[in-house]
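*Asks:* Given next are the chains, with one letter for each unit.
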Amino acid sequence: MSTMSTATEYAVAALIVLGALFVLLGSIGLARLPDFLTRLHGPTKATTLGVGALLLASAIFFSTRPDRGVSLHELAILFFLFITAPVTAHLLAKAALHRQAKARDGEQRTTADREKARSAPESPLG
Amino acid sequence: MLNVNTAVEIAFVLIGAALALNVYRLLRGPDTTDRILALDTLGINAIALLVLFGISTASTAYFEAALLLALLGFVGTVALCKFLLRGDIIE
Amino acid sequence: MMRRFFPRPLLSLTVLLLWVVITNAASLGLLLFGGLLALAVPLVTRPFWPDPPRLVRPWPALRFLGIFALDIVTANWRVARLVIGPLHRLSPAFVEVPLDLRDPFVATLLASVVSLTPGTVSIDVDRQRWILLVHALDAPDPQALVREIKDRYEKPLKEIFAC
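Chains as they are written, first to last, in our numbering: chain A, 1 to 126; chain B, 1 to 91; chain C, 1 to 163.
The set of hints was computed from the structure by calculation and includes no laboratory data.
Straight-line C-alpha distance at most 30 angstroms; calculated DSSO-like pairs for lysine-lysine: (1) A:94 - B:82; (2) B:82 - A:102; (3) C:158 - A:94; (4) A:94 - C:155; (5) A:94 - C:150.
Work the whole structure out from these sequences, hints included.
*Replies:* What follows is the structure, encoded as C-alpha cells:
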C-alpha cells in the first residue's frame, strides 16, 4: 500500500466509508419506515448506491496496485446491480399490491379482477 | 488520519450493523414481501462485505463469488415475486 | 451486410464490453473469444428481443446519463435525511404520471430511471392509458413531482429515441 499515492488512498478510503454509510442508511430505511412501499425505497436506492461506491473503491484500489494491471471486474457487478435494482423493486411493489388487494377482497377473485386491481390500485396505503 | 485500512475497519462495522437491521426485518416481517425484500438486501449487503474483504486481504479471489451472489440474488428475488403474483413460477 | 451479422449492434457492443470487463481483457485470445460472443449472442437470442427503437442521438444520451448519475447521488442524500429524520413528517403518495411517449421499450427505460432516482419507485406502466404509476416516499406536492419527472426524464428520453 506504500506505493499508492496519498490522493488515491484518500479517495479510496472516502469511497469505502461513504459506501458503507449508504448501505447502512438503506438498511435503516428497511428497518425503520412504517409500511412496505416506503420500506422499498431504502434498499433499492441507498443500498445500490452504497455498494456501487464500494465497488468503485475496489476498482481503484486494485487498479493502482503495482503487481497487477487494471481491475475492471467490479464494473460488471456495478452494471448488473444498477440494471436489476429497478426490476426487483417493480416486481416487489407489484407483489405487495397484489397481496393487499387479495387480502382486502377475500380469496375468490377471478383473473380478470386481479388484472384490474393491479392496474388501478385505489388507495393501498390507507 | 484516514487510510484504507481504518476505512475498511469502519466499513465492516457499518455493514455489520446494516446486516443486523436486515435480519431484524427478515424475522419481524410482517408480510412475505417484507421478508423477500430483507433477503434481497441481505444478499446485496453480502456482496458489499465480500468486496470489502477482498480489499482488506488485497486479494481478487472473491469477485467471482460476489458476481454469482448478485446474479443468484436477483434470480431468486424475481422467482419469489413471481410466485407471490401467480402462485406459480413457470407458467 | 453489417445488419445481417450484427442485428443488434448495441447488444453486441454491450456483450463485448461486459466480457472485457469480466475477464479484465487479459489476453488477445480472451478478446477474440469476446468478439465471437458479441457475434453469437445477439444472433442466438434474436427471437427473444422486442424491437427497440434505434438510438438516434448519442450526445443527448451521454448528457442524460451524466444528469442521471448526478441525480442519483444528490437525491440519495435527500432520501437519507428523510430516512433518519422524524417519520411522521413523511407524506408518501401514489402519483399518476400521464406519459407522452408511446413506445414500450422507452417506457420501461423511463420506469427504471424513475425507480433508481431516490424518492420514487415506479410500480406500473398502464399501456392502455399510458400512465406511469409512481410511489413517492415524500410528495407533499404531487403535481410538482409529475412535472419534474416529465421535464427531467421523459423529455430527454423522447428526444434521444425520437419517438
